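Sequential numbering from 1 applies to the sequence shown in our numbering.
Hints are not guaranteed to be accurate.
Stated by the list, open to error - The calculated lysine-lysine pairs, modelled on DSSO-like cross-linking and capped at a C-alpha distance of 27 Å, are:
no.: 1; residue 1: K53; residue 2: K156
no.: 2; residue 1: K54; residue 2: K114
no.: 3; residue 1: K134; residue 2: K3
no.: 4; residue 1: K54; residue 2: K156
no.: 5; residue 1: K54; residue 2: K3
no.: 6; residue 1: K76; residue 2: K32
no.: 7; residue 1: K3; residue 2: K131
no.: 8; residue 1: K156; residue 2: K77
no.: 9; residue 1: K32; residue 2: K91
no.: 10; residue 1: K114; residue 2: K60
no.: 11; residue 1: K77; residue 2: K32
no.: 12; residue 1: K32; residue 2: K60
no.: 13; residue 1: K60; residue 2: K156
no.: 14; residue 1: K21; residue 2: K127
no.: 15; residue 1: K91; residue 2: K54
no.: 16; residue 1: K152; residue 2: K32
no.: 17; residue 1: K80; residue 2: K32
no.: 18; residue 1: K156; residue 2: K91
no.: 19; residue 1: K77; residue 2: K54
no.: 20; residue 1: K21; residue 2: K114
no.: 21; residue 1: K127; residue 2: K114
no.: 22; residue 1: K152; residue 2: K69
no.: 23; residue 1: K77; residue 2: K53
no.: 24; residue 1: K32; residue 2: K127
no.: 25; residue 1: K54; residue 2: K69
no.: 26; residue 1: K91; residue 2: K53
no.: 27; residue 1: K151; residue 2: K91
no.: 28; residue 1: K32; residue 2: K148
Said to hold, decoys possible - Across the chosen pairs, the derived CB separations fall in these ranges:
no.: 29; residue 1: K60; residue 2: T110; range: 27 to 33 Å
no.: 30; residue 1: D63; residue 2: G179; range: 37 to 43 Å
no.: 31; residue 1: S10; residue 2: H57; range: 17 to 23 Å
no.: 32; residue 1: G86; residue 2: K134; range: 30 to 36 Å
no.: 33; residue 1: Y28; residue 2: S132; range: 28 to 34 Å
no.: 34; residue 1: N95; residue 2: Q149; range: 19 to 25 Å
no.: 35; residue 1: S10; residue 2: S112; range: 33 to 39 Å
no.: 36; residue 1: L46; residue 2: G7; range: 17 to 23 Å
Just so you know, the hints here were simulated from the structure itself, not pulled from any lab data. Small disclaimer: the values here were computed from a predicted structure and weren't measured. The beta carbon of each residue, even a glycine, is placed where N, CA and C say it ideally should be.
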Amino acid sequence: MSKQRCGWVSDDPLYIEYHDKEWGRPEYDNQKLFEMLCLEGAQAGLSWITVLKKREHYRKVFDNFDPVKIAQYDDKKREKLLNDPGIIRNKLKVNAFIVNAQRYLAITETQSFKDYIWQFIGGEPIKNHWKSLKEVPVTTPESDAMSKQLKKDGFKFIGSTICYAFMQATGMVDDHVEGCFLRQL
1 MSKQRCGWVS
11 DDPLYIEYHD
21 KEWGRPEYDN
31 QKLFEMLCLE
41 GAQAGLSWIT
51 VLKKREHYRK
61 VFDNFDPVKI
71 AQYDDKKREK
81 LLNDPGIIRN
91 KLKVNAFIVN
101 AQRYLAITET
111 QSFKDYIWQF
121 IGGEPIKNHW
131 KSLKEVPVTT
141 PESDAMSKQL
151 KKDGFKFIGS
161 TICYAFMQAT
171 GMVDDHVEGC
181 FLRQL
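Could you build all of it, start to finish, from the sequences and the hints given here?
Dropping the structure here:
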């Protein structure tokens with residue numbers, strides 16, 4: 001008998017592995033949090049599987065999401081990225097990665113990115129108890145607050161819906177629905 005998963009998971013092995021080993025698990029690594037914030041922004045208007053399939057290539061061409069390196073990208077590097085079919089070639093999204101790296105560095109002059117990001121939920125994961133996918137919100141007051149502060153601090157592609165998806169992906173909120181074998185974690 002196969003494991004029951006959240007309703008958004010397809011039968012794609014990459015999606016299954018992402019759900020089973022990553023989504024909804026608390027992430028505290030600063031660079032991984034930065035990577036996920038960027039990738040959630042890249043996903044805007046697309047399905048997550050599109051980004052997930054391109055994630056390894058994103059890691060390669062964006063220097064493994066090293067914010068110090070990304071913050072220094074020049075026009076030549078931007079053009080190279082915008083011509084790379086292995087990523088989503090949206091100028092605003094590519095530029096957002098660079099701006100967000102610069103903003104990340106500004107934030108981390110005074111605090112860890114982990115502390116900055118996790119403050120919006122009081123530092124502890126929120127465990128929700130949804131019966132079905134229909135109940136799961138796309139935004140919450142916490143994602144609204146995160147989005148508002150990130151925008152104030154100069155970040156791009158970080159609306160409340162993107163922030164909530166980021167919170168789910170990084171385990172800030174646990175939205176595994178009833179019946180999912182990971183709900184008990």
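Against the structure, the hints:
1. K53 <-> K156: holds (23 Å)
2. K54 <-> K114: Holds: K54 and K114 sit about 25 Å apart, inside 27 Å.
3. K134 <-> K3: holds (20 Å)
4. K54 <-> K156: holds (20 Å)
5. K54 <-> K3: Given that 27 Å is the threshold and the Cα spacing comes to 26 Å, the pair holds.
6. K76 <-> K32: With a Cα-Cα distance of about 26 Å, the restraint between K76 and K32 holds, given a limit of 27 Å.
7. K3 <-> K131: With Cα atoms ~17 Å apart, K3 and K131 stay inside 27 Å; holds.
8. K156 <-> K77: holds (19 Å)
9. K32 <-> K91: holds (23 Å)
10. K114 <-> K60: holds (23 Å)
11. K77 <-> K32: Roughly 22 Å between the alpha carbons, so the hint for K77 and K32 holds.
12. K32 <-> K60: holds (14 Å)
13. K60 <-> K156: It holds: about 22 Å lies between the C-alpha atoms, which stays within 27 Å.
14. K21 <-> K127: It holds: about 17 Å lies between the C-alpha atoms, which stays within 27 Å.
15. K91 <-> K54: The hint holds at about 17 Å.
16. K152 <-> K32: holds (22 Å)
17. K80 <-> K32: holds (24 Å)
18. K156 <-> K91: holds (12 Å)
19. K77 <-> K54: holds (19 Å)
20. K21 <-> K114: Holds, at about 20 Å.
21. K127 <-> K114: Distance ~19 Å between K127 and K114 Cα, so the pair holds.
22. K152 <-> K69: Roughly 23 Å separates the two Cα atoms, so the pair holds.
23. K77 <-> K53: holds (22 Å)
24. K32 <-> K127: holds (21 Å)
25. K54 <-> K69: Since the Cα atoms of K54 and K69 sit roughly 20 Å apart, the hinted pair holds (cutoff 27 Å).
26. K91 <-> K53: Satisfied, since the Cα-Cα distance of roughly 20 Å is no more than 27 Å.
27. K151 <-> K91: Holds, at about 19 Å.
28. K32 <-> K148: holds (22 Å)
29. K60 <-> T110: 27 to 33 Å: At 31 Å between Cβs, range holds.
30. D63 <-> G179: 37 to 43 Å: holds (40 Å)
31. S10 <-> H57: 17 to 23 Å: For H57 against S10, whose Cβ atoms are near 20 Å apart, the range 17 to 23 Å holds.
32. G86 <-> K134: 30 to 36 Å: holds (35 Å)
33. Y28 <-> S132: 28 to 34 Å: The hint (28 to 34 Å, Cβ to Cβ) holds, given that Y28 and S132 are roughly 30 Å apart.
34. N95 <-> Q149: 19 to 25 Å: holds (21 Å)
35. S10 <-> S112: 33 to 39 Å: holds (35 Å)
36. L46 <-> G7: 17 to 23 Å: Cβ of L46 to Cβ of G7: about 19 Å, so the range 17 to 23 Å holds.
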